[in-house]
Amino acid sequence: MKILIRNGRVIDPASGRDELADVAIAADRIVAIGHVPADFTPDRTIEAGGCVVAPGLVDLAARLKEPGPGALESELEAAAAGGVTSLVCPPDMDPPLDEPGLVDMLKFRARKLSRCRLFPLGALTQRLQGVELTEMIDLTEAGCVGFSQAEHPVKDNLTLMRAMQYASTRGYAVWLRPQDASLGGGVAASGAVATRLGLSGVPVAAETIALHTIIELVRVTGARVHFCRLSSAAGVELVRRAKAEGLPVTADVSINSLHLTDVDIGYFNADMRLTPPLRQGKDRDALRAGLADGTIAALVSDHTPIGNDDKMLPFGEAVPGATGLELLLSLALKWGNESKLTLAQALARVTSEPVRVLGEALGSLGQSAGRLVEGGVADICVFDADAEWQVTAETLRSRGKHTPFDAASSGTRMPGRVRHTLVAGTLAYSAAAAPGPGAA
Amino acid sequence: MLARRNPQLNGHGELIHLLSIEGLPRAVLTQILDTAGTFLSVNDRDVKKVPLLRGKSVFNLFFENSTRTRTTFEIAAKRLSADVINLDIAKSSASKGESLLDTIANLSAMHADMFVVRHSESGAPYLIARHCAPHVHVVNAGDGRHAHPTQGLLDMYTIRHYKKSFSNLTVAIVGDIVHSRVARSDIHALTTLGVPEIRAVGPKTLVPGDLREMGVRVCHDMREGVKDADVVIMLRLQNERMSGAMLPSAGEYFKSYGLTEEILALARPDAIVMHPGPINRGVEIDSRVADGSHSVILPQVTFGIAVRMAVMSILAGNDA
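Respectively, the protein sequence lines represent chains A and B. With this note's numbering, the residue at position 51 of the first sequence is 51, and numbering never jumps. Quick note: to get this note's numbering, add 1000 to the position in the second sequence (first position is 1).
It is worth saying that the hints were derived from the structure and are not from the lab. Heads up, none of these hints are tricks.
Cut-off 35 Å, straight-line C-alpha distance, at most; resulting in silico cross-link-like pairs (DSBU-like, lysine-lysine):
#, chain 1, residue 1, chain 2, residue 2
1, B, Lys1204, B, Lys1164
2, A, Lys282, A, Lys243
3, B, Lys1204, A, Lys155
4, B, Lys1163, B, Lys1204
5, A, Lys65, A, Lys155
6, A, Lys282, B, Lys1204
7, A, Lys155, A, Lys243
8, B, Lys1048, B, Lys1163
9, B, Lys1056, A, Lys311
10, B, Lys1204, A, Lys311
11, B, Lys1255, B, Lys1227
12, A, Lys65, A, Lys112
Looking at chain B on its own, in the form it has when it is part of the complex:
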């Protein structure tokens, strides 16, 4: 069978949609991170706006609720001077039975320039990118378990900010990897940027062995997983996994895989602790670690705005 052209890139290898980190060349990732750096200073100014997306309409299409991610995209678009329209589709069209592609066709007719899409089904943004008007750019803001590329990129920005280089790092990702789009995007980004050791840490129900085929070392022991790590990325444990057949209880999970000061002491002395938020204190991370000197959880949020500005401005400058 023929492999279809990567739908994220145009004929010149330029980014036209951001759907997944997978398949993006290192140069594109570096371009986004470098551009984000220039926007960080915008966020420190009194007038926090640049006119790069003036006159453009950005539609936030959230088929699945997420106030936090939607807000960061909204702030990023507004700082680029775009008009932002928020559609909480989980509560409107879809519940009236309108199909996904009908919704997209309708919004395209309203002259949208960019769709920021969150959807509960893996791959939904690919379907949208395939069927929207050619001038429209699609940004995946999280699809099912598949990808959350802007989160992956802001994680990379954070790592680069504190560690300067990717080439000698050990990064441990801890928690519910199998259901995590953040973990997948982080793994692809870390691999592309040349991180030599990526560890996926958790019980077998949440960290299955075939993750090895994504280029990670699978660890079922927390101490082994965190030992000598430069970066520890803790994932949020969703409420629905805290009991039942995946895990017996949140308490037992914290005992085995929670990040405490004692465990963190096994990592490198200058290790950073990251988390995509929102955090469950006492479930995956101890408060003393979340609020401690190694934690960069709040800077991640700040960097997230700059990274999303970078993605949107780069997309707007490239034609299909």
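One chain only, chain A, in its complex shape:
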């Protein structure tokens, strides 16, 4: 199959390329950008006039487990509709990804769907119980790109240190969400809003104590650590200092923490029940600045599809999380616009930079994923940067319909609409062909 994407504004954040050009694709590769050979005869031509042609998005945190069977199909479809061509899923599936067979099966099923590349994180400990290590070598051979406890704590610092030592023996990355378990039991961020609403709080110290501990263990073990979903200004500062010291750490932030604060909880809106909890304005500002200056490498959707029964509950009883795969591009662009960044700078946080976080774990794909290069893989997102849309349940393909950015409660106008998504040179999503209001 040969595809020609015509007249688009081609933006490759990694190289800084930003120009009107045609892109020629043959099989799973980009064969030409700009000077397309005269004898290139496409089977299909995509008219991209007025649109941006960018690398497919790489999302470092998307859950696929809920709700119910068929979730993988719907959520990978949602990824494609959101322009996401590679996603990393944490190991807290049911059962947890602690055996190579489970990883094989998941990767096999995802490949058959050919909507989005799936990169699982393996469980750091068996059944995520935080006690015994998993078979990390076998899990890596099965396709795991790192090891994580998801939201589960490690039993104690000795076990965490051993896990980091063992992982670093082979150069495997350990992905941790920094949160002290005993301080993390609340349902909202500690502060004036939680106090006023009578909601139990999670203090900033829950994040900073965990960061101090893990950073010290990085010094001791030399392990490569990725911090998942920072939530506080103090957390950003600790990561900034660790990076300045030359420690092998990286970090990401969720679309929710980047755009919202605890004030948005309003009158106990359970769509704002999130992990980590939304913090204060100064935290959001620091997260935005940290993402802009590179302290935080990547913006993630933190996609967590949650059914109605688990959200139509009092705030504290509602299951934390929100849908996000289909919002990632728009919320990256929104942040970029508001921060006066170029399109290329905003896109880098959801394309080339997350690929750098994954590093060697991607193997040969790491050379071209998240980029647009001749000879590289054709993972591409074509979007209309000037189109605006509003999030409603009907516009989402994900089974998770709950999001803080729901038009009815937030009125948020979302910039940018995905028109086409290509994964390995194959059309995984096309707005024109897709049924429903999402095509508009």
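With the hints as your guide, set chain B onto chain A.
Just chain B now, kept in the frame of chain A:
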């Protein structure tokens, strides 16, 4: 993000649900207090009934047990001639796995006109108000740590009754503020009604510094907290806080924050002592103070009936 309209008020600014004192204008609070005044005389009559809620069904939905509060709501509704149905849901539907909203849908189908809700989760009455039929009114009878607005209002009625005006008062609230829905409702009501000095008194585990953002002065010393106060509101110390990581013991708490005659002597000579009940004698309050001349703890209970009658009659008169 857009701020959603205050769910307690209709388009004309009239009260349709009572969920929290926060966000209610002073005029609405004053209307409730004035209306309560007219009901006090009903309570003194031989026939203690007025027909304002005749033919209406009031459902007391107590997802968390509270005999006392439920009884006062029941008496208030009956004095307004309403039909009262008490549902002790802590022991029935919820334990059978029925969801909160399914319970509400079922009861709405039974043509309820008003839900009086107590729930252990902060914000639960907001969820109910958002999802019940439009003609149904919701009264929050205590949700988690968040709010207990009728208690707040009866406290305001009591203060106004004895002090006549709110404009020059110093009010000290003593005890477990962080876990107290009564304290939150009192603070919002006192702030809205213009009380210039509100003090929150207790150890740092029970009175954290961010309470200052609610407009109160935080005092960790009992003497400083009570000094020259016109009103001292003592909060009940729940059993589960009396030992463990919040406090070492009830005895040490009483020594530091118990209200004794000696401490009360630091307040103004005409100070009143209030307590939402039930009181723990010898834990937060000395018996001599609880039973003494400054105590208005029992009048609070009487006023509570009138205030709840006022709230229910005002709600019944307003349409969504």
